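Protein chains in written order, with the working numbering: chain A, 1 to 375; chain B, 1 to 375.
Keep in mind that a hint or two might mislead.
Note that the list lumps identical chains together, so a pair holds whenever it fits in one copy or between two copies.
The calculated PhoX-like cross-link candidates involving lysine-lysine, where the alpha carbons are at most 20 angstroms apart (straight line), are [said to hold, decoys possible]:
| # | residue 1 | residue 2 |
| --- | --- | --- |
| 1 | K8 | K245 |
| 2 | K227 | K346 |
| 3 | K164 | K8 |
| 4 | K113 | K289 |
| 5 | K314 | K85 |
To be clear, the hints were calculated from the coordinates, so they are not data collected in a lab.
Only a predicted model underlies this, so the values are computations on that prediction, with no experimental measurement involved.
2 protein chains.
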Amino acid sequence: MFSFRVVKSNGKARLGVLTTPHGAIETPVFMPVGTQGTVKAILHKDLLDIGTQIILGNTYHLYLRPGIEVIRDAGGLHSFIGWQKPILTDSGGFQVFSLSKGRGDGRSKVKVKDEGVEFRDHLAGDLHFFTPERVIEIQEVFGSDIIMPLDECVEYPTTHAYAKIALERTIKWLDRSIRAKKREDQVLFGIVQGAFFEDLRIESALKTVERNLFGYAIGGLSVGEPKEVMYTMAEVVCNILPWEKPRYLMGVGMPEDIIEAVARGVDMFDCVAPTRMARTGTLFTSQGKINIRNEKYKKDYSPPDPDCDCYTCKNFTKAYLRHLFNVEEISAYILNTIHNLRFYHKLMENIREAIREDRFEEFRHSWHKVYNLQA
Amino acid sequence: MFSFRVVKSNGKARLGVLTTPHGAIETPVFMPVGTQGTVKAILHKDLLDIGTQIILGNTYHLYLRPGIEVIRDAGGLHSFIGWQKPILTDSGGFQVFSLSKGRGDGRSKVKVKDEGVEFRDHLAGDLHFFTPERVIEIQEVFGSDIIMPLDECVEYPTTHAYAKIALERTIKWLDRSIRAKKREDQVLFGIVQGAFFEDLRIESALKTVERNLFGYAIGGLSVGEPKEVMYTMAEVVCNILPWEKPRYLMGVGMPEDIIEAVARGVDMFDCVAPTRMARTGTLFTSQGKINIRNEKYKKDYSPPDPDCDCYTCKNFTKAYLRHLFNVEEISAYILNTIHNLRFYHKLMENIREAIREDRFEEFRHSWHKVYNLQA
Chain A
1 MFSFRVVKSN
11 GKARLGVLTT
21 PHGAIETPVF
31 MPVGTQGTVK
41 AILHKDLLDI
51 GTQIILGNTY
61 HLYLRPGIEV
71 IRDAGGLHSF
81 IGWQKPILTD
91 SGGFQVFSLS
101 KGRGDGRSKV
111 KVKDEGVEFR
121 DHLAGDLHFF
131 TPERVIEIQE
141 VFGSDIIMPL
151 DECVEYPTTH
161 AYAKIALERT
171 IKWLDRSIRA
181 KKREDQVLFG
191 IVQGAFFEDL
201 RIESALKTVE
211 RNLFGYAIGG
221 LSVGEPKEVM
231 YTMAEVVCNI
241 LPWEKPRYLM
251 GVGMPEDIIE
261 AVARGVDMFD
271 CVAPTRMART
281 GTLFTSQGKI
291 NIRNEKYKKD
301 YSPPDPDCDC
311 YTCKNFTKAY
321 LRHLFNVEEI
331 SAYILNTIHN
341 LRFYHKLMEN
351 IREAIREDRF
361 EEFRHSWHKV
371 YNLQA
Chain B
1 MFSFRVVKSN
11 GKARLGVLTT
21 PHGAIETPVF
31 MPVGTQGTVK
41 AILHKDLLDI
51 GTQIILGNTY
61 HLYLRPGIEV
71 IRDAGGLHSF
81 IGWQKPILTD
91 SGGFQVFSLS
101 KGRGDGRSKV
111 KVKDEGVEFR
121 DHLAGDLHFF
131 TPERVIEIQE
141 VFGSDIIMPL
151 DECVEYPTTH
161 AYAKIALERT
171 IKWLDRSIRA
181 KKREDQVLFG
191 IVQGAFFEDL
201 RIESALKTVE
211 RNLFGYAIGG
221 LSVGEPKEVM
231 YTMAEVVCNI
241 LPWEKPRYLM
251 GVGMPEDIIE
261 AVARGVDMFD
271 CVAPTRMART
281 GTLFTSQGKI
291 NIRNEKYKKD
301 YSPPDPDCDC
311 YTCKNFTKAY
321 LRHLFNVEEI
331 SAYILNTIHN
341 LRFYHKLMEN
351 IREAIREDRF
361 EEFRHSWHKV
371 YNLQA
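If we strip away everything but chain A, and leave its shape as in the complex, we get:
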């Protein structure tokens, strides 16, 4: 039902195929974030048009709204949202730690205990308790293809001592998650933590790999640390992870981060950047990032990216997109989102093609040269 195969490699960069009950995915892959059962400002059919292979759903948000009963009675998440390709859901842990903390009304403390995490949601402020078992149970209701165990994310910066406590708790929670898991049409990844300390990343990677999971995620990065730290942590971990299993770098990232992580052996990515930035007018192009609000585009009747094959670039000009954005038309957000996600998917296609043709290093260097020159 599930398999992963490394088809080819260039140094540490790998071309692979991940097979799920909802179809096969070519890796390296970028997964658009469909927080609340939809990728923001784009329809499923447009996702399919631009080459989306798998989307990510946020357990925290879906658990709160519409709630698991509505999803269960619909026959699971695929059926509820009308998306028949693969879905990966996270554990909700990251949102518990980031969104609940942000309430700032004195009731906002997240209480991490060995048993689980107690938190108040960011909406009504109701009290909830997530345990590793509960998080698996919720994702079994969803029926997502790839599920994640509850883990403890620590902030940047943090102490070595606290990072070690969180790492150990994450491993214990992983063991409970493995025991709780029942469905056989889903696979569980292990999440490597260890914050920004090489020794802890190594310890976490070794212990997680001992559990022999289908795939491995690298969590706790892209939370404010310097890029070099992120790259080093990803490298340290990838050097330990078994070659024949998929690796997923959670919450990463900018195009340059993706290329650097692929160079270190990562296969899967997710990030809100292309969708969120689309809604503030930033477009990724083959020449660097541009902001469509810029006055200089007022009469620029060329497409955002002449090298792009998306609906937006094939049919519309910067001047028109600027106008739509300035007058706050919803179509501005849709068109920008189509373009940015297509840019990401095309980047992944180019990465895969480069690996297939034994020229990933060449691609990597020329890409940085062009992109950084303009950005």
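Could you slot chain B onto chain A? The hints should help.
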């Protein structure tokens, strides 16, 4: 370059073909409102998918933003917005009277003079002066297929005396518009005014028809008067308008209004209802209107309208659309808009088919029966 032909009729209801330089339009037709160069919350390609034949642009809004220079340098409105099918633009008069009045800061007076209309815009409050000549000039820059002359809209209710003044001014402005018009790849409609008085509607219709225009619009209705008054005014005017010319009832309306106006001989319609109501969660269905926010749809896994062939109804459930709307996802507005506009276009297709098959009266009565039963 332009022609209009009544292909068939059932009583006063007519099936026609309106040919323009950007293609032919089957009438009766509904024109989605693309206020600022885009129909709200839907992409052009989705408009084409659901059978949109022509869109309407608002001269007032486009004149303010992006401004006529940007549109001129793009090569006109079709080119600027990337829409290759026909476009009708209004004169801006209606927005001048409604939006400028609404400013409520003491500077908001609209000054109607015989020369033209002085107004402050609803954005920065800058002073502008629209004359019949200026309004034609702006629309010649746009290059819209069908253009409208500046007219004076009066409120409901109004006095017979004022309605007569406005009517006479509208005729004088029409004569100036005819003289100002230069481009031959556009046609000008005359707008019949006369408020809610049969004698004035007759006078306005007779005088407007004397000018021998390509088509005739019925303005100043759907501004708060009872439906029966609107139907009567449309009927009085249609009885005078020449059979072989297209008739356009501006700003109308609800599905039942469209059917009643077709029964009286109207060929063209525009209204913000389907798009605006989509964004507040109201969906038109073959069984009446529903609001998707309703608690009773929480676990309703059936499509909004099982008889509808749109992307939304073919792929999604009320429960999912309700969820998307509740969590304020943009895709809720897109999916609702696709459905509502498809509902309108399908209604027009059904009307045309009924006329073609000599059963319009039957269609009209059965439609009211089903729709009013549930609505």
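Status of the hints after comparison with the structure:
1. Taking the shortest alpha-carbon separations for K8 and K245, only the intra-copy value of 14 angstroms comes in at or below 20 angstroms, while the best inter-copy value is 68 angstroms.
2. Taking CA atoms no more than 20 angstroms apart as the test, K227 paired with K346 passes in neither setting, with 23 angstroms inside one copy and 54 angstroms between copies.
3. Neither within a single protomer nor between protomers do K164 and K8 lie at most 20 angstroms apart by alpha-carbon distance, with minima of 36 angstroms and 82 angstroms respectively.
4. When the C-alpha separation of K113 and K289 is checked against a cutoff of 20 angstroms, the pair qualifies neither within a copy, at 43 angstroms, nor between copies, at 50 angstroms.
5. For a Cα distance limit of 20 angstroms, the shortest separation of K314 from K85 across copies, 17 angstroms, qualifies, whereas the shortest one inside one copy, 26 angstroms, does not.
The earlier numbered hints that this structure contradicts are 2, 3, 4.
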